[in-house]
Amino acid sequence: MTSEPQLSGRRIQVIGVTGAGKSTFARQLGKHLSIPVCELDSLFHKSRAGGALSEEDARRTVQALVESNDEWILDGNHWVQLKDISYSRATDILYYLGIDTPLPLTLWRVITRTIWEVLTIPGVLRRELSGDSLIAMSLRVRARKYANWSKRVEMDSRWKRLSGWYGRGSFLARVKDTLRAA
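If you count the sequence shown from 1, you need to add 280 to reach this note's numbering.
Honestly, the hints are just simulated from the structure, not real lab data. It cannot be assumed that every hint is accurate.
BS3-like cross-link-like pairs, simulated, lysine-lysine; straight-line CA separation at most 27 Å [stated by the list, open to error]:
#: 1; residue 1: K456; residue 2: K311
#: 2; residue 1: K431; residue 2: K363
#: 3; residue 1: K456; residue 2: K440
#: 4; residue 1: K431; residue 2: K311
#: 5; residue 1: K363; residue 2: K311
#: 6; residue 1: K440; residue 2: K311
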């Protein structure tokens, strides 16, 4: 793994912990590369984008996207649901670790998203008051994902670590420079 990750192709999976900034980054990368971006959470979870599909319908939607396009960016984790569909076809798996994004910024993103969802999506308040709280989950998974994803980088060169809040700007600048030179 290098400290300056480079794209190998144009089938890109962007993953990271909740609140790390992966959706914003994926949209920016898609704009620079003129590649369609699919936000997986909008398919798998009730969100700002609307209601969730069944898991099987969401899988079929992603499968149709990756099979009918040579270029795509998928934003979101959903490893268990998609490892045989998108992860196996991705040329690059770019990941954000929550530890790379300042904790106050991550918490701000998660808390404001949660407040918005509580106010606009039925059932979210019940989720937040239960053991499935997005806020609690985002804090629990930081260290676990770091250990898991760091191992994958050693085994698979498609896995590339983005240095969170601080590194995404330089990565996008390199993508722009590469496109200008081409």
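Hint check results:
1. K456 - K311: Status holds; Cα separation ~10 Å.
2. K431 - K363: 16 Å, holds
3. K456 - K440: Roughly 18 Å between the alpha carbons, so the hint for K456 and K440 holds.
4. K431 - K311: With Cα atoms ~30 Å apart, K431 and K311 exceed 27 Å; violated.
5. K363 - K311: Judged against 27 Å, a Cα distance of about 25 Å means the pair holds.
6. K440 - K311: Judged against 27 Å, a Cα distance of about 20 Å means the pair holds.
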